[in-house]
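Undergrad: Here is how the chains run, residue by residue.
There are 2 protein chains.
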Amino acid sequence: MKNNIITISREYGSGGRCIGEEVAKRLGIAYYDKVILEEVAKETGFDKEFVEKKAEYSPFKSAFAYAFVGRDTNGVSVDDYLFTVQRKIILECAEKGPCVIVGRCADDILSDRDDCLNIFIHGNLDAKIKRIMARHDVTEKEAAKMMREIDKKRSINYKYHTEKVWGQANNYDMSLNSSRLGEEKCIELIMQLYNS
Amino acid sequence: MKNNIITISREYGSGGRCIGEEVAKRLGIAYYDKVILEEVAKETGFDKEFVEKKAEYSPFKSAFAYAFVGRDTNGVSVDDYLFTVQRKIILECAEKGPCVIVGRCADDILSDRDDCLNIFIHGNLDAKIKRIMARHDVTEKEAAKMMREIDKKRSINYKYHTEKVWGQANNYDMSLNSSRLGEEKCIELIMQLYNS
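Chains as they are written, first to last, in this note's numbering: chain A, 86 to 281; chain B, 86 to 281.
It is worth saying that the hints were derived from the structure and are not from the lab. Treat the hints with caution; some may be incorrect.
Since copy identity is lost for identical chains, a pair holds within one copy or between any two.
Restricting the straight-line Cα-Cα distance to at most 27 Å, the calculated cross-link-like pairs of lysine-lysine (DSSO-like) are [to be verified]:
#  : residue 1 : residue 2
1  : 181       : 238
2  : 226       : 249
3  : 230       : 110
4  : 215       : 87
5  : 249       : 215
6  : 230       : 87
7  : 226       : 87
8  : 237       : 133
9  : 270       : 138
10 : 270       : 119
11 : 249       : 237
12 : 173       : 270
13 : 230       : 249
14 : 87        : 127
15 : 110       : 237
16 : 270       : 244
17 : 270       : 110
18 : 230       : 244
Just so you know, these numbers come straight off a predicted model, no measurement behind them.
With the rest of the complex left out, here is chain A (with noise of 0.2 Å):
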């Protein structure tokens, strides 16, 4: 198979992104993440935390609530515009040329190319605890609960735009417990399955 875009979706604490970036550098190919936040920022006037916080995140309402809030005048949510505009950029992105693309769904909006390597990053508890306390300087309680709440958004924001159960091993080419294998491993495998 001839791959030309991969992407990262991960597990909150699993180190993905930075085994995406680093996937990335070492192949001599682009690396989009928090410059897609900036360009949907761009193009649709909104903040860029604000859009942080919406396009991957949400809808984190119910189902039910989300039916009766934050829609514009012609019945399309912020949420969903949002998304729909992210979902351009990223196909932009991927028209682009060879490219690391991390988290928002990717995998599902890159679904009709075939030249796309879908990887899932996950890992153990205890170390995902760790390395989330470490980097954000917070205690094991805020860590757990910061994992928790982020994780949950992104398992909602998932469903609600794919159709699709998040961290279902069958929605990707690869799944690797970084915690087990190690980032160096992890890093190593995508890129031999990148030039396979």
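Add chain B to chain A, keeping to what the hints say.
TA: Below, chain B alone, put in the same frame as chain A:
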């Protein structure tokens, strides 16, 4: 990490069993699949076919119905009894030395060991159906039905005995899409991780 045991969980039609068998052959280590059934049959006195049906696919009744049927005078259901014997045999197999064990919740049964590499093999719908059609000489419709039913039973069985969701990436160290990567690549990746 030092690995001694490889457990292979797999979607029906993904070729996971053949991949496991080939990995064992190339690594020169034991391979356990049907032999576990034979041992369970021998130890319990039940017929092999009955054990096969029960040991990987039970309970396939609803939890409610399950509460009222198939219990012996000690209150232990036949399903639970068979699973207990199967569990003991899997633990004994792992004790004997390096091996590959396919299916039967082995990843969960051996979760106390840190020398166990847990793999999940899945595949694309079309490829799995084609494989089942060729192997069992059935129509596309029949193959799709077999696939749905067997995976559903595996999923219920796994949930019942492990309280985890079958096929969810974070139960395994590595999950691979055999249709996308090809069987040979899957074999190579598993061997590479085992030896690393």
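Undergrad: Indicate, hint by hint, whether the structure satisfies it.
TA: The hints, checked one at a time:
| no. | hint | verdict |
| --- | --- | --- |
| 1 | 181 x 238 | neither (30 Å within a copy, 44 Å between copies) |
| 2 | 226 x 249 | between (30 Å within a copy, 23 Å between copies) |
| 3 | 230 x 110 | neither (32 Å within a copy, 45 Å between copies) |
| 4 | 215 x 87 | between (37 Å within a copy, 23 Å between copies) |
| 5 | 249 x 215 | between (29 Å within a copy, 23 Å between copies) |
| 6 | 230 x 87 | neither (40 Å within a copy, 33 Å between copies) |
| 7 | 226 x 87 | neither (44 Å within a copy, 32 Å between copies) |
| 8 | 237 x 133 | within (22 Å within a copy, 43 Å between copies) |
| 9 | 270 x 138 | neither (31 Å within a copy, 39 Å between copies) |
| 10 | 270 x 119 | within (25 Å within a copy, 33 Å between copies) |
| 11 | 249 x 237 | both (14 Å within a copy, 17 Å between copies) |
| 12 | 173 x 270 | neither (33 Å within a copy, 33 Å between copies) |
| 13 | 230 x 249 | both (24 Å within a copy, 21 Å between copies) |
| 14 | 87 x 127 | neither (33 Å within a copy, 50 Å between copies) |
| 15 | 110 x 237 | neither (30 Å within a copy, 41 Å between copies) |
| 16 | 270 x 244 | neither (29 Å within a copy, 30 Å between copies) |
| 17 | 270 x 110 | both (16 Å within a copy, 24 Å between copies) |
| 18 | 230 x 244 | both (21 Å within a copy, 25 Å between copies) |
Of the numbered hints listed earlier, those contradicted by the structure are 1, 3, 6, 7, 9, 12, 14, 15, 16.
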